[in-house]
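Residues per chain are reported as follows:
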Amino acid sequence: MDSRSDADLVKAARRGDAAAFEALYYRHRDWVAGLACRICGDREAALDILQETFAYVFKKLPELELRAGFRTFLYPVIKHRSIDRKRARRTLPEGSEPEAPTSVQGAIDAYLNQLGEEHAEVVQMRFADGLTLDEIAAALEIPLGTVKSRLHHALEILRRKKPNP
Amino acid sequence: MEHLDELAQDRVRAGEGSPEEAQHILECLQCKVEVEVLRFMANSMKDAQAVEVPAEVDRAILSTIPRRRRPAWAVFAGSAAAILAVAITLTFVMPAHAVDVVDAYALSRKGGDATEILRKCTAVDSPRKRNILGNRFVAIDVYVEAGERKLAAWQVEITADDRAAIVGVEGGAMPAYHDPPTYDPKALQGGKIVLAAFTTGEAPSGRVRVARLHLMESAKVDLDGRLVAAAAPGGARFDAKVTLERTGDSR
Chain A
29 MDSRSDADLV KAARRGDAAA FEALYYRHRD WVAGLACRIC GDREAALDIL QETFAYVFKK
89 LPELELRAGF RTFLYPVIKH RSIDRKRARR TLPEGSEPEA PTSVQGAIDA YLNQLGEEHA
149 EVVQMRFADG LTLDEIAAAL EIPLGTVKSR LHHALEILRR KKPNP
Chain B
74 MEHLDELAQD RVRAGEGSPE EAQHILECLQ CKVEVEVLRF MANSMKDAQA VEVPAEVDRA
134 ILSTIPRRRR PAWAVFAGSA AAILAVAITL TFVMPAHAVD VVDAYALSRK GGDATEILRK
194 CTAVDSPRKR NILGNRFVAI DVYVEAGERK LAAWQVEITA DDRAAIVGVE GGAMPAYHDP
254 PTYDPKALQG GKIVLAAFTT GEAPSGRVRV ARLHLMESAK VDLDGRLVAA AAPGGARFDA
314 KVTLERTGDS R
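Respectively, the protein sequence lines represent chains A and B.
For what it's worth, the working numbering labels the leading residue of the first sequence as 29, then goes sequentially.
For what it's worth, the working numbering labels the leading residue of the second sequence as 74, then goes sequentially.
To be clear, the hints were calculated from the coordinates, so they are not data collected in a lab.
Virtual Cβ for every residue (Gly too), placed ideally from N, Cα, C.
Honestly, I wouldn't trust all of these hints.
[Stated by the list, open to error] Have a look at the derived ranges for each label pair, beta carbon to beta carbon:
hint	chain 1	residue 1	chain 2	residue 2	range
1	A	112	B	93	43 to 49 angstroms
2	B	123	A	114	17 to 23 angstroms
3	A	108	B	192	41 to 47 angstroms
4	A	34	B	202	21 to 27 angstroms
5	A	31	B	99	27 to 33 angstroms
6	B	95	A	145	52 to 58 angstroms
7	B	265	A	42	37 to 43 angstroms
8	A	177	B	307	33 to 39 angstroms
9	A	31	B	103	35 to 41 angstroms
With these hints in hand, go ahead and build the complete structure from the sequences.
Pasting the structure below:
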């Protein structure tokens, strides 16, 4: 495993170091595919978005300088592409039903639906993507205080939903 | 006791909490449960969005990168650097588990810093996080049966079956081992953990409660405790039995 930071890998990849690009790819591949799948709801489409995202990164490399985390840079790219895919597949062909959720997944979906889009997005970025509050603020281009407020509200709701011991 | 608020509990869950916040979680069962609920949510969300990427997708993406040919001198320079790196590694870096707590104890007695050895000998390779359905918490006391010998250093490996995840570690009963032992934080949420501690002060003898583990389990689990190493004051190694005792259900 390459121990260089994302910023160092980007710099090296910009100089034509293919191993650095590969290291960046393997470091973030699963997260990119997972995030895309979460937003667009289709695993096959998520793999396409994975390819498009890294093609975009490769294209941007000559001018790319990380001012925040690599995932903060990637987040809006993946989000916009995934939303486009989701819109495109709103008219599902007959017989292609989405997978039935498990009981745990059903409970999580119900919780996220209750939160509303903005709060659910912050919770998912924090829990599923493992981003820090600063990274979430940078990726969504909102103040840190807003991120804290949304997360706090979402966690309060989670606490209220939990059965009493 | 004043409890941590939701954001502080989440910071601890994410490993970003202050030492005071982390300590509070060790002492407050209610906050510990809240943190475990957050952890369970986070793990479930992560698992739910896991997508297996086929090798052909990897190949398709990585084949688009133009690869520069390295000049001949760079190949030789690279080889020389690699040999040097291996030599340095073999000389100065000990592999994990080539050392144990008795080595850390010996180093500490000589006035050295044993932190790195403790970190190495308690590291758990590729820990697998478990999502346990159910919120039954139990505490397990870990004993080392030292008999008449004094227990100056000990290292124990504990594994739980698939129905449980280890979620917390506390210290033991005697003053020498009252603080939590060293363990790999990555082992939390998994089913295997290595604990180690030593004392250069007064070492206890007899049946010594060296630590307490907290587990989240979906059913009553079987645990296995194995002694990796134990030593008396001065560093003489001895064999001892490890026993694990369930203290009760803290559901």
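> Looking back at the hints listed earlier, which ones does the structure fail to meet?
Replying inline: When the structure is compared with the hints, numbers 6, 8 turn out to be violated.
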